[in-house]
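Peer 1: Going down the list, the protein sequences come from chains A and B.
Converting from the first sequence to this note's numbering requires adding 28 to each position, the first position being numbered 1.
Converting from the second sequence to this note's numbering requires adding 2 to each position, the first position being numbered 1.
Keep in mind the hints are simulated off the structure, nothing from the lab.
Please read these numbers as outputs of a predicted model, since none were measured by experiment.
Do not take every clue at face value.
Unchecked claim - Here's a subset of chain B near chain A, in silico, CB distances under 7 Å, partners left out:
no., residue
1, Tyr27
2, Tyr29
3, Thr32
4, Pro42
5, Gly45
6, Leu46
7, Leu48
8, Gly98
9, Tyr102
10, Gly110
Unchecked claim - List time: in silico DSBU-like cross-link candidates among lysine-lysine, alpha-carbon distance up to 30 Å:
no., chain 1, residue 1, chain 2, residue 2
11, B, Lys63, A, Lys48
12, B, Lys104, A, Lys92
13, A, Lys83, B, Lys104
14, A, Lys42, A, Lys92
15, A, Lys42, A, Lys94
16, A, Lys69, B, Lys51
17, B, Lys104, A, Lys94
18, B, Lys63, A, Lys42
19, A, Lys48, B, Lys70
20, A, Lys94, B, Lys70
What the hints assert, rightly or not - If you anchor each label on the Cβ, the simulated ranges turn out as follows:
no., chain 1, residue 1, chain 2, residue 2, range
21, B, Thr100, A, Ala100, 17 to 23 Å
22, B, Ser16, A, Gly130, 19 to 25 Å
23, B, Ala31, A, Lys48, 35 to 41 Å
24, B, Gly30, A, Trp140, 31 to 37 Å
25, A, Lys48, B, Glu68, 41 to 47 Å
26, B, Glu68, A, Leu102, 20 to 26 Å
27, B, His116, A, Lys48, 40 to 46 Å
28, A, Leu96, B, Thr114, 26 to 32 Å
29, B, Ile11, A, Thr108, 30 to 36 Å
30, B, Ile11, A, Thr110, 30 to 36 Å
Heads up, the beta-carbon is just placed ideally off N, CA and C, and yes, glycines get one too.
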Amino acid sequence: GAVVSQHPSRVICKSGTSVKIECRSLDFQATTMFWYRQFPKQSLMLMATSNEGSKATYEQGVEKDKFLINHASLTLSTLTVTSAHPEDSSFYICSAPQGGAGNTIYFGEGSWLTVV
Amino acid sequence: AQSVTQPDIHITVSEGASLELRCNYSYGATPYLFWYVQSPGQGLQLLLKYFSGDTLVQGIKGFEAEFKRSQSSFNLRKPSVHWSDAAEYFCAVGRGGTSYGKLTFGQGTILTVHP
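Looking at chain A on its own, in the form it has when it is part of the complex:
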């Protein structure tokens, strides 16, 4: 069945460095993907909408210069956390709908980011 895969599943980086997380739709094309952040024991909060071939749309309060999103192909979106700080440590999850309204929305396995 359709799968959305994220990589890496876990990453530790030093404060001030950048880290890239990939989100791939494995057997379907996704013109739109979504990035969420989930802090421990909290719910998922939408960060941004990733649009293939155009700029991402960010939710209010999310710094677009800090969380760079690139959706260069119909099967890949990347989230780059730039100049990471310990407060950016979180679980990042992507999702992609398999088609238009009413179709299943698949989520990736998530990526744990720890900034030390």
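Here the structure of chain A is known, so what remains is to put chain B in place on it, guided by the hints.
Peer 2: This is chain B only, laid out in the frame that chain A set:
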């Protein structure tokens, strides 16, 4: 703006007992409603979804949910819980059109199953 409320943060049931997880939503039009399950440190798995038609929706793993427009609710039920159902459950609401896929999640309900 759309919102979702899951009133119960933590529910404990005995294995074999019935289960109902509550979900109330706020949305101006006909919503797209979802229930997802998340095991610790894992991604989300879709249990079921509703967007039109029969208001009683059947999902995977023996789960079902009923859409009640008058109560703005979409409660998840299972007649007999198994120990493997222990996880966190999220209700989510979304819209159609070009924004399809953009979800607002509830706070989640942690389910503990006692043997």
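Peer 1: Indicate, hint by hint, whether the structure satisfies it.
Peer 2: Hint check results:
Taken as an interface hint, B/Tyr27 does not check out: its beta carbon lies about 14 Å from the nearest beta carbon of chain A, beyond 7 Å. About 14 Å separates the beta-carbon of B/Tyr29 from the nearest beta-carbon of chain A, more than 7 Å, and the hint is not met. Among the interface hints, the one on B/Thr32 is violated; its C-beta lies about 11 Å from the nearest C-beta in chain A, farther than the 7 Å criterion. Here the hint on B/Pro42 is broken, as its CB sits about 10 Å from the closest CB of chain A, past 7 Å.
Using the Cβ-Cβ criterion of 7 Å, the hint placing B/Gly45 at the interface with chain A is satisfied: the shortest such distance is roughly 4 Å. Contact between B/Leu46 and chain A, as hinted, is supported at the beta carbon level, the nearest pair being about 4 Å apart and thus within 7 Å. For B/Leu48, the suggested interface contact is upheld, since its CB lies about 6 Å from the closest CB of chain A, less than 7 Å. At its closest, the beta carbon of B/Gly98 sits 4 Å from a beta carbon of chain A; the interface hint therefore holds under the 7 Å criterion.
Hint status for B/Tyr102 relative to chain A: holds, with the closest Cβ pair at about 4 Å, below 7 Å. Below 7 Å, beta-carbon pairs count as interface contacts, and B/Gly110 has one with chain A at about 5 Å; its hint therefore holds. The suggested pairing of B/Lys63 with A/Lys48 is violated, with an alpha-carbon distance near 35 Å, which exceeds 30 Å. For a cut-off of 30 Å, the pair hint linking B/Lys104 to A/Lys92 stands: about 18 Å separates their Cα positions.
Distance restraint check for A/Lys83 and B/Lys104: the Cα-Cα separation of roughly 16 Å lies within the 30 Å cut-off, and the hinted pair is therefore satisfied. At roughly 21 Å between alpha-carbon atoms, A/Lys42 and A/Lys92 fall within 30 Å of each other, so this suggested pair holds. In summary, the hint linking A/Lys42 to A/Lys94 is supported, as the alpha carbons are separated by about 15 Å, within the 30 Å threshold. Annotation: proposed proximity of A/Lys69 to B/Lys51 holds, straight-line Cα distance about 24 Å (limit 30 Å).
A C-alpha spacing of about 21 Å is found between B/Lys104 and A/Lys94, which places the hinted pair at or below 30 Å, so the restraint holds. This hinted pair does not check out: B/Lys63 and A/Lys42 have alpha carbons roughly 41 Å apart, beyond 30 Å. Only pairs whose Cα atoms come within 30 Å are accepted, and A/Lys48 paired with B/Lys70 is rejected, the gap being roughly 42 Å. This hinted pair does not check out: A/Lys94 and B/Lys70 have alpha carbons roughly 41 Å apart, beyond 30 Å.
Against the hinted window of 17 to 23 Å, the Cβ-Cβ separation of B/Thr100 and A/Ala100 comes to about 20 Å, which satisfies the hint. A hinted range of 19 to 25 Å is violated for the C-beta pair B/Ser16 and A/Gly130, which are about 36 Å apart. Look at B/Ala31 against A/Lys48: about 37 Å separates their beta carbons, and that is inside 35 to 41 Å. Checked against the hint of 31 to 37 Å, the pair B/Gly30 and A/Trp140 passes, with Cβ atoms roughly 36 Å apart.
In this structure the supplied range 41 to 47 Å holds for A/Lys48 paired with B/Glu68, their Cβ-Cβ distance being about 42 Å. A hinted range of 20 to 26 Å is violated for the C-beta pair B/Glu68 and A/Leu102, which are about 36 Å apart. Restraint check, B/His116 to A/Lys48: a C-beta distance of roughly 43 Å satisfies the suggested window 40 to 46 Å. Restraint check, A/Leu96 to B/Thr114: a C-beta distance of roughly 39 Å breaks the suggested window 26 to 32 Å.
In this structure, B/Ile11 and A/Thr108 meet the distance hint of 30 to 36 Å, their C-beta atoms being roughly 34 Å apart. As the Cβ distance of B/Ile11 to A/Thr110 is approximately 34 Å, the hint placing it in 30 to 36 Å holds.
The structure is inconsistent with the numbered hints 1, 2, 3, 4, 11, 18, 19, 20, 22, 26 and 28, although it conforms to all the rest.
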